[in-house]
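Chemist: Chain A is already provided as a structure; the job is to place chain B on it using the hints.
Respectively, the protein sequence lines represent chains A and B.
Residue numbers for the first sequence follow our numbering, so the first one is -8 and each next one is one higher.
Residue numbers for the second sequence follow our numbering, so the first one is 3 and each next one is one higher.
Please note that the accuracy of each hint is not assured.
[Claimed, not checked] Below 20 Å or equal to it, Euclidean Cα-Cα: the simulated SDA-like pairs (lysine to any residue) are:
1. B:Lys100 to A:Ile9
2. A:Lys266 to B:Asp99
3. A:Lys266 to A:Leu187
4. B:Lys5 to A:Met159
5. A:Lys170 to B:Gly11
No wet-lab data here; the hints were simulated from the structure.
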Amino acid sequence: MVERKTIFSYLPHLILLIGIAVVAFPVYVAFVASTWDPATISNGQMPLRPGPHFLENYYQTIFVGTSRTTREPVGGMMFNSLVMALTIAIGKIAISIISAFAIVYFRFPFRMTAFWVIFVTLMLPVEVRIYPTYKIVSDLGLLDSYAGLTIPLIASATATLLFRQFFMTVPDELVEASKIDGAGPMQFFRDTLLPLSITSIAALFVIQFIYGWNQYLWPLLITTRDSMQTIVIGIKKMIVTQDALTEWQIAMATAVLAMLPPVLVVILMQRLFVKGLVETEK
Amino acid sequence: MEKRVVFDGKLLPYALLLPQLIITLVFFYWPAAQAVRQSFLIEDAFGTSSQFVWFENYAHLFTNPDYYRSMLTTAVFSILVTVFSLSLSLLLAVQADKQIKAAGAYKTFLMWPYAVAPAVAGVLWLFMFQPSLGLVSQAIRSLGFDWNPTLNGNHALSLVVMAATWKQISYNFLFFLAGLQSIPKSVIEAAAIDGARPARRFWTIIFPLLSPTTFFLLVVNIVYVFFDTFGIIDSVTGGGPAQATTTLVYKVFSDGRLGGDLGGSAAQSVVLMILVIGMTAIQFRYIERKVQY
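Chain A with its partners taken away, still in its complex shape (with noise of 0.2 Å):
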């Protein structure tokens, strides 16, 4: 600020590279790892350099899969993990969007209960919730369906209350002006208050495709079949205890892989991904 330049005004870079460096490093050892052999990573003596393998690899893991584990190629783990993520980001943001519509726009018997009722849900995360919820699913007959790994994550006080945020300061002239023009609420909704909602709906929807790309747990639950395996689970299942049983080359082109979809969306979204983290924290 008003001290000289000095040695030391380099020094923020010299912190902020070694901090790219360290957290860069495991996801380029994962790189390097999914281009080499087998046998030069089993040695121990994988060089800090891309192998000559990359094509190889990532053809076999992709349309073949590991050949002792799992058996499953990854490319239709990533079909699963994009279903997954599309439905959970739009249908959170479909059903919110309303609720919320509803709850600020409407004057209705038991309003503050409805939106207490969903209010509550951000204290009961599928966590808690274990055995119960998958028991639910399972009565239901949703095992190993697309709609059993993603309508429970559907629900969402977060993107509810960030709607009603945003209503709240859509200014009250704009609902005059349409029921002077004599249009419905759902008129209203369509032409007026959705466009308004357009940053915000894609804000929400960079947080929850990650989210729903990244979901451990609910998948591990409900999938039995190696068929309807997202690409988390997958990969888990290649690490084997007996770790000479483990192919680290495909185990780490499928980490590459995984990694991939989420991350592109926060580099290429940046300005809604940060807008939407700040906003749904609030």
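Modeler: Relative to chain A, chain B alone:
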């Protein structure tokens, strides 16, 4: 805060709320109620009949040394991850907040680990620290230290702590950076003119003004360690060796599944539910204050 102008409609608002409420009731409230009910029951070995036993499951839980051990593990785990990830990300955020070139690029390169799934983060760290072939573990061993997270509980816990810290740094960094950027520059300039050196400016002005963010992150980080590290633990250690990395949430999972002790697992769920309610209450009380601040 209420809207002045609203629409008329008798059934429409209920119809709009219906999907959310159905999912909430079926998949949140009903199972939560079941967990409470089950915590008062003991099932026989075949799961065919169950007996109402009042607080026996709870009494059993609170006389079980394993449960206290798991509490201790969770506490140590939370403290380590919170302290490490908060201090490292504050250090990085303070650097990125200085008017330096390429601050935006640094931000981009530090924020992406947020998007990595906990279970995948665990696998990355497991690979580096794998006793026989991991790059880092070989370096550690060449220094003469007998590193083996599959046998030594402390090694396993430190591995899980590293993976969990790594994953959380980006989140804390973004919030600290936003907090730092919202501190008025005039206050800091005034202190600089009065002759306060950078270190003093940080500890007497910036750090106190940042305390709402720090407190918020403290709560969020503890919640993160409690619930979101399940994937890391399951992929790195599976709760072992000898339950050294079994946190409270992991114990609910492993007792119910592998142990088949549904009553005990349900009692643990109820204890956790009470904890979450407490933490959420703290979080929201704090948010109320931030609005006034």
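Chemist: Run the structure past the numbered hints and jot down the numbers of the failing ones, going up.
Modeler: none
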